[in-house]
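The whole structure should be built from the sequences, with the hints applied where relevant.
The primary structure of each chain is shown beneath.
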Amino acid sequence: MTNGWVDMKNTDMMLIMGGNPAENHPCGFKWPVEAKRTRNAKIISVDPRFTRTSAVADLFCQIRAGTDIAFLGGVVHYAMENNRIAKDYLVNYTNAAFLVKSDFKLPADTDGVFSGFDAKTQSYDKSTWNYAGTGGGRGSDAAHPPSGSAPPAPRLPEKVEFDLSLQNPNCVFQLLKKHYSRYTPEMVERITGIPKEQFLKAADLYTSIRKDGDMKKAGTIIYAVGWTQHSFGTQIIRTAAILQLLLGNVGRAGGGVNALRGHSNIQGATDMAGIFDNLPGYLKVPTPADTSFDSWMKRITPTPSKPAPWDSFNYWSNTPKFAVSYLKALYGDAAAKQNEWAFDYLPKVDRNYSWVQLWDNMYNGIVKGMFAFGMNGVAIGPDSKKNIDALKKADWLVVGEIYPDETSEFWKSPGISTDEMKQIQTTVYRLPCAGFAEKDGSFTNSARWLLWKNTALPMPGDCRTDQGIVAQIFLKIRELYKKDGGKFPDPVLNLTWNYSVPSNPPLAEVLKEINGKALADLEDPATKQQVKAGQQVPGFAWLKDDGTTSCGNWIYSGSFTEAGNQTARRDPSDPSNLGIHPGWGWSWPANRRVMYNRASCDVDGKPWDPTRKQVWWNESTQKWTGNDVVDFKIDSKPKDHMGPFIMNPEGVGRIFGPLAAFADGPLPEHYEPIESPIDNPLHPEQTHNPVVKRFKTPDDKYGTPKDGYTVVCTTYRLTELYHYWTKNNPMNVQLIPEPFVEISAEMAQEMGLTGGEKVKVSSIRGEYIAKAMVTKRIKAMMIDGKKIYQIGIPIHQGYRGIAEDEGKDARTLVNLLTPTVFDPNAYTPEFKGFLVKLEKA
Amino acid sequence: MSQEILRIQKISGHAGTVPGEDTQREYKVSKLIDTTTCIGCKACEVACMEWNDLPFGETVFNNTYQTMPETRWNYWNLILFNEHEREDGTLMWLMRKNQCMHCAEPGCLAACPADGAIVQYTNGIVDFQQANCIGCGYCITGCPFDIPKMNPKTNRVFKCTLCTDRVSEGLEPACIKSCPTGCLHFGSKDDMKFLAEGRAKQLRDHSNFPNAGVYDPPGVGGTGVIYVLHDATRPELYGGLPKDPRIPWTVKLWKGPLKWLGNVAMVGGLIGLFVHYLRFGPKDRKDEDIHPGGEKS
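Going down the list, the protein sequences come from chains A and B. If you read the first sequence in the numbering used here, its first letter stands for residue 1, the second for the next number, and so on. If you read the second sequence in the numbering used here, its first letter stands for residue 1001, the second for the next number, and so on.
Among the clues, some could well be false.
[Unchecked claim] Here are the computed lysine-lysine pairs in the DSS-like style, where the Cα-Cα straight-line distance is at most 27 Å:
1) A:633 <-> A:706
2) A:453 <-> B:1177
3) A:633 <-> A:613
4) A:776 <-> B:1149
5) B:1255 <-> B:1028
6) A:412 <-> A:701
7) A:159 <-> A:321
8) B:1149 <-> B:1028
9) A:216 <-> B:1201
10) A:633 <-> A:532
11) B:1252 <-> A:201
12) A:760 <-> A:120
If you're looking for bench data, these hints aren't it; they were derived computationally from the structure.
In structure tokens form, the structure reads like this:
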């Protein structure tokens, strides 16, 4: 989230889409409710079905799964047509005024793709996706590891041409206008199935906060995996960001683009490099093309790219400090200037190691074994059958869990005969792990707050902590390397492992290591403040690129200082009453609760809304100050016109995402899900996201309406159950005893189906059997002139649980239905909006 | 012990005075359920089960998110889910937490013939004392909200206690404690009424609910559990919440005129007996009379 849960109480308007927080985040949902109660804030709920969130919303629109860009693009169009935009914010805080190279072409002009598309390789030459200007700064063109020996990537210009009147046809604003002029209410209706009048009500209500250009009110956009789990998921979120920049909602209390995370620590997993192309703190991984530390740094450290009269902080210019400190944390004394900070020890990532790809590799015999901790790989899919087939081919599987689950019992999945079971040679090791209440550590919540938790219960029996298991495996491997040597033992032998209990590292010590410490005496030249060698650093501003600091993750620096474990703080006070709670836990970065908060002020440094003062320019001290931690260069005078989006080399928010920022386009375009009931009404010849690739194993099949798969299906969770765990808990099973499929009353009538009867849902990949829930909460839709039914399936059951063990349900997994295909930017699989057919079982 | 007795202001099936009759409490306690901010998460159902140590039971999918069709003797707190299409075509998914309403004039207590099986405390909580229950089930017919349920095995009737054990220790009921959105509130009846009326007005003024209002039915003297409803003119949409609940006429008749008649008949009988004695004197003992010991005398 740019903002946070508690901050939602400050909002005037909520667009909740691609998420169902009342269902999945009931505790956090108290803040939207608070905003309703205390500010008369409105909720607009846009969802494939009427949900628990819709039940307390002021307006509901039923959308076809996978058409969110069309809806949001329509709202962008509406806001521009009706002049409900934040003009000053747009001109000064976004790249709306920047000029784009004249040879850049929009999909409207190039058959549904952006300029530079190569159909043969299904990829883009992105050199036209650039600003017009002079000078060659290095761009943030490092989002994706180049494959093979690609030519040097193009760079952002140092001095960008611009037009503050926003009239130049090549300026970002005009391109945006032109691009979304096609997203008329009629087109939105054709694609999304939301009747025009209903869409206009939603567009009018959401943009009403910017009526007559008044800047006081703030609107927030709240989403979850309903947006990310598409073959264009990143671009949906981009559209939301564009809309929020257009309306001047980013950086402001009650505003922002807010992702709700689906587990208590998903944010933490992402921050700590849960994705293969990041190192902790979102440093880009080195690739084989990075032949030295310097060349790696040169590639991933941007230089400013902005209109000449403006200033840009370009905070990522500090990348070398974060990278050197990270290597010092990993390798200690073995990382020195002479050996380029042990850069050679870091693995160079040469291919896609994302989730779906890993299973594909296992299926194809490339990956031979798997450690599965804290996740049920077979169940969470997509395409569970492919994952089960992949595990059959693996040599070994280690599962650390609190229950026997579908993954550790993959060989017992329904449909495998006893004879077949005997043929499966995979060795399965099942390790009993501690549950979340049986270990301490920190959670990083959706709001970026790190919150320490204590152990509540002792571990039962022979259970171990996850880190204890990993540590013992590591120590054994290190011992073997020590004894037998190997091709390249140095990274293993020189890894720092200075824990008081090496075989079970205390997590507080790990957090201290992540925070970082001084390796030599340090002094801040401005304040004369000193940090002695061996002391914890107070924050990432202290990190150095000369080897005198170590830090495991720069964005977490400040979480465990000499003052102690900041994440364990529990001071509930909130002096500003803005939900900042500066003494409660610790929020990255630098205990800041709302990111980009400089944008909460006008160009002169005065808050847009004096009743919600976050930060402001103090004329007498010539410094920025505020209730929240200022997200800006503290002494940058407003007249210097430094942009508030300090993490971008431009200093401003990106409406246009230049160069390699995104794999599939600098502006979001609506493409259909990989399985879609219609051709793309915008350009029928280019229905899908052009860079999305299909997989090729016999298990990878993609259905079409011609094959009889005409019903749009989406999947989701329920409040009563937690992922695939709680089917082992009798209380949860009592609340939702059986799997079900939500079906519209009209469709049920057509099929002669009554609620409670069993149905079989089939995709081209598999079948799911459950009882029908016939409801008014999903309705038939008119999509591009065709009547389309949409159904929804909660994900929680499988073939291992209380009801499953008693044989009370069909023991099928929802993800037997879902396709193997993923978003080209974040690699998230497309669990939402695939095609099925439905019959009585 | 003595304090507990003093807190009782009504007792079922009881002749004579009630210990707490003359004691004064500053306020009645009350639970406010704002159905317009309820998300049906069932945290209150789970909290009720856990606090009261109620056992897990079997449930069956019934074409709804609702856990079971109605409350059970060992499941006192149930959210009712109802889909409702408004006249303008928009849909509402109404969720109402159902439990004992703790009426000021409780039909169950009125109907109960067993001395001390149902009591009403001076703070307004209506509580069943299973030790005194005779299993007649009259309370079930006496309740206009269909709340008390019989355990068929023990023949005793149970329902929500408003967590009287927690409340008497100064805590809020378990369901209130667990509510994540704050749609549940607990406090004095006056405070809850004030809060509820304010919320209803907010809904009338700022949302598309011109008929929003507070449910506190006068037919049972008002309730210790009050609701904010989107449409207070149609409470029956919320899983059959009665529009004008009253103590059933049979109970009223039985406990009112019929009881009076019964008393008259009983007193009449006694008078008759006395007159008979005066007129005929004591009955002569005959040889064939049976001795209390069963032997012939």
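If you check each hint against the structure, which ones fail?
1, 4, 11 and 12
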